[in-house]
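Fit chain B to the given chain A structure using the hints.
Each chain, written out:
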Amino acid sequence: MTSLTKDSRRGAAAVASVAVAVLFLVFTGCGDTVTEVSFPDTEPRLTVTSYFNPDSTWRVRVSQSSSLAENRRGRQLGGVEPLPPVGNATVQILRSGQVVDTLRNIDLDSPLYADYDGTYGTAFTPTAGASYTLRVEAPGFDPVTAESAVPAPIPVTHASFSDSVYIYRPDSPDPEPVSQFTFRFTDPPGERNYYRVVLYPRRNDVTRGFAPIDVFTINAEIDRDLFADPGTFASGDWVEEFPFRRSVVFTDNAFDGQEYELTVSVLISRSYLYGYEAVLSTISEEYYKYRQSVWLQEVTAKNPFTEPVTIQSNVEGGFGIFGGARSMASTLVVLDSSAAW
Amino acid sequence: MHRTATLALVFLCLAAFLTAPANVHAQSSGRYALSVENEPLPVVLADVKEKTGIDLIFEPALVEGKSASCTARNLRPPALLRCVLVGTGIRAERLRSGTFALRLDPSTDAVQSVSGFVRDAETGEALPGATVYAMDHGQGTTTNAYGYFRLSVPSDTVRVLVRFLGYTVLERDISTRQSDPVDLAMQRSAIELGGVEIAEDRERIPVTMTEPGALTLPVAQLEKTPPLLGEPDVLRGLQFAPGVQTGPEGSAGLFVRGGSRGQNLILLDGAPVYNAYHAFGFLSVFSPHAVRNVELRTGAFPARYGGRLASVVSLHLNEGNRHAYSGEASLGLVSAYATGEGPLPGEQGSFMVTARRSVAGDIAHWVAPDDVPFGRFYDISAKANVDLGDRDQLYVSVYRSRDAYDNDTREGSDTASGQRRRQANTFHMGWENTLATLRWSRAHGDDAFIQVMALVSDYRYRTRRDQYLTENEQVIDRTALATTSGLTDFGSRVDVDLLVSPRYRVRAGGSATLHQYDPGRRDLRVMADRETVLNTSVEPSGRTETLEWAGYAENQVEVTSRLFANAGMRISGSLVEGSPRVHLEPRLQTTLQLTDALQWTASYARMAQYVHQLSNSGVGLPTDLWVPATRDIGAQSSHQVSTGVSATLGRTVARVEGYRKWMDGLLEYRPGASYVSGRDWRTLVTEGTGHAQGIEVSVQKPAGRLTGQFSYTLSKSTRTFDALNGGDPFPFRYDHRHHMAVTASYALTKTWTGTVAWMYRSGSAITMPSQRSSVESEWFLYSEHQLPLGAVWEYGERNGYRMPASHRLDLSILRTIPTSWGHHEIQAGVYNAYNQKNPFFLFLDTRRDVDNPGPNQEVEFQTYGRVISLLPTVPSLRYTVSF
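From first to last, the protein sequence lines are chains A and B.
Counting in the working numbering, the first sequence runs from 442 upward without gaps.
Counting in the working numbering, the second sequence runs from 283 upward without gaps.
Isolated chain A, as found in the complex (with noise of 0.2 Å):
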């Protein structure tokens, strides 16, 4: 019993202990759950945009990425956060290592866009089925340098518009009308091709325009076995915008080396343009990697449950895309002719 005593006084005493000082963690270290992390600096690269194709001049943008130590400063211009476009670049298109053209600076004659001066063009044109590389030189920068080449033409049997179609959308009980486009090509057998559908907005018959507010939104329902990669865009859904602002790429992955139809349903909420108009293209493998990762990255970036997307670019030793694409057949639609802005 006196044993006993004994034990429970000391045990009481190494309880007490551990209480007391569970309390004073409890009361006084318990505090926010939420720290923040600093990222190691890394120095900015050149970030390069070019699409090319032989139905357009050369368009390259230069701008300069930003670590993400570092705070970005400047103007936000529609509703994007700075990153500096870098207007003392030397760009040069090559072929077979010659150098083909050197673009200049455009000077956009804006205040609006006075320090946006990072676009580079030239009245030369890319010609179908060569190989071109882009070389981008800026002072205080590594040069970049990237490759890509306009792929071999696909012909296209049909193409067709029809503004009489109804069709039903997943949370409407009742038909709405759509316009509808329709391509149909046979696909080369035994490669991997890749395409692309585009929905510019007209100014007016002769010139494709873009939209500087919102507009115009376009619904777009696609055949989900386009899709080889995953994301949330599945088949048949019904998307409320065109995956990265009115366009999407594809493989050939459902139907290689077969006559394909495809076809795109169009609802056109606002309409006060005086048209627009679809155009179907192939375009280069990296042309494809690049946008379908920026897509990706851009519709899972609010779900925590998925793994990172990593750009895929072409361009050594910087960021963005050098791709060639081809033109396969456009449709214009005319909405309203007196429209034109």
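Heads up, some of the hints might be wrong.
What the hints assert, rightly or not - Result set (SDA-like, lysine to any residue): computed pairs, CA atoms no more than 20 Å apart in a straight line:
id, chain 1, residue 1, chain 2, residue 2
1, A, Lys743, B, Phe1123
2, A, Lys730, B, Tyr1077
3, A, Lys743, B, Arg1148
4, A, Lys743, B, Gly1072
5, A, Lys730, B, Gly1009
6, A, Lys743, B, Gln1144
7, A, Lys743, B, Tyr1146
8, B, Lys331, B, Leu344
9, A, Lys743, B, Leu1124
10, A, Lys743, B, Ile1048
11, A, Lys730, A, Asp628
12, B, Lys331, B, Ser349
13, A, Lys743, B, Trp1075
Hints in this document: simulated from the structure, not taken from any laboratory.
Since the model is a prediction, treat every value here as computed from it, not as a measurement.
Chain B alone, transformed into the frame defined by chain A:
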């Protein structure tokens, strides 16, 4: 007493040397003559040793009471020694040093077999993993999953020493003449019963008897690990073992030797458990009060184990008290449990039932019913065993666990017309395991043990999101989406354990399991204006059935007195979609006893795994998907080599082991893919390889007033996938370069025990961007005024960023209050005592110095990482009563 007898024998032997008769005569150079008839063997050996000058060592007990007869001429010393030993059951082995060592000759006709069961003296339950050592013969073995053992000894009686962690060492003489298996009843050690008398090991048992790579721990030992929120956890306790790494802070997940969570085979009484976690991975589904012991294998896999690459965690449910009815009830901050056990009528068996239920969710819901998502879990374990005679036993085990989490919001209002409108948004997530096993075991003669088993294992995961609008309790609009996934196994297994000779043991068996995979089904129902407009089910992957089978044979050979080997072959395969897959899996484990205290082991194992676990989180979320190897997606396989040295220093065992492992057929989600994408999982994954290597150091002190363990692992684990990281190798997410754990438990008094645990590990490897870059649309081809579309994250190497290191100190103290009818226990503790903010996950955020800038106003953007820590200092308290 025994020590005194040994000393006396040594003294007798020395005396014999000093007074040895001169029966040995030298003849020509190096040759001798001898003539003895029924002389005491110790005396004759002393004579031979003295006259020939050979160095001779032996255990005095080995020669005690034996006599020698030999008449020979012109013999060299080795032949002379053989002559002396004829008919004694002893043989001489010449060591490299030239010394002759005497040991039992198991090939003599005098060898007898003895077999039996090791049981808890109080409850009669079998004790798997206990070591049984024939002291006088240098023979030892461990009990199997049924507590059964067999030994071969060259005498009519054998004195065995039985040891099991948490029990007092048992010493007992057994007659080899009895045909029925004997029952060896072990008393729980004094510490377990609340006293300070610590049982001393009267004789150290050679570590050669334990299988390399196996760690068997009674749950009573694991329970000493300071619990999180007062919840003792079986799997969390294993995180302190060498080679075992932890997942995110607080989770009970295991990552063994560079392997993923899905590469651990977790068995409960032989049935696989596919989601072993409650509460999103923070607790395991095994109520520790229902489990007798846990066996962990991380490297040297005998051929009878297979199906996973990284580890086998085998848990055995309590069998129940065979002598008396008893019970226990406990209440903690998170859960409460009750258990009951007792003998079946006629004491021909026993039963055990344990039920555990969460209480934290109910309390939180009661305090704040509208603000707190409601979560609850339960698990029920039951087991019964029946003796079918002395040699046959039948076991039935049933288990079920379930987690359910709900988050509901409801709003209601009355319209002007008096209609009662109500809008609800409900979300439910739940998962459940259901297991059942039926086992029959038979001790056939003294040389064979047979087990036959049938099992069912089912795992289901469900979510349901329901949004609806009601008017006067009638649903007007509704959108309900339900998802389910799961896996069901129907399996059978046969194992035969045959003792061919004292130095040769064969194990063989086979298994077949039908797996039914349901990787995901979605049911969507849409109602509008009181009418159903959509009611559809989508099963993008469909159900897949595979038949997995395996056959194995192990040869356990005692090559010499110091070299043991277990060489085996396993052949396994899977039949999926009409396409067979087969793997040959050779296995080898060797153990060399360098000295009495020093042991070297080496092993090789080829493993195959026909099931993959797809996980985005690694946390142990139920969204982790089990999928099969298919015709197009291969099985996982690995080669592993390991070698190590163990040293026994008094009551402390130290071990250093190194390993290398090569894995292929690994699956990872492709970039941007996840379970929630709703697509066929086959389109979401990519295959690759892995490599892991490391050095593990451990020091254990399993007995005494102070018990504890130190473990440190230096390791590296990488993955290589063509489709990831540009095809370059990258670190495995849970590649923790350093992992260290220390636990110490000290019996303060007869009734107080204090435990301290400290753990450190390097940061997990995660993928983080290093830069931001602009993205442009195609439209700037046609208008130079087109602005960039936005910015993207530019990632560096996959898993190239290290989270901050984690470390924490846990404390607990246990007070046991004995009563005349049982005892009370109060356990208080604190998790993460110094409130280290260990990272659970990290995410990026960007902030601006101006929220709504003007057209030409400059803005500063800053990107920063936010580390979320879930578990600060957490006190715990639990009360238990046993009767």
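Going down the list of hints, with the structure as the test:
no.	hint	in the structure
1	A:Lys743 to B:Phe1123	15 Å, holds
2	A:Lys730 to B:Tyr1077	15 Å, holds
3	A:Lys743 to B:Arg1148	15 Å, holds
4	A:Lys743 to B:Gly1072	16 Å, holds
5	A:Lys730 to B:Gly1009	15 Å, holds
6	A:Lys743 to B:Gln1144	19 Å, holds
7	A:Lys743 to B:Tyr1146	16 Å, holds
8	B:Lys331 to B:Leu344	17 Å, holds
9	A:Lys743 to B:Leu1124	14 Å, holds
10	A:Lys743 to B:Ile1048	17 Å, holds
11	A:Lys730 to A:Asp628	19 Å, holds
12	B:Lys331 to B:Ser349	16 Å, holds
13	A:Lys743 to B:Trp1075	13 Å, holds
Against the hints set out earlier in the document, no violation occurs for any number.
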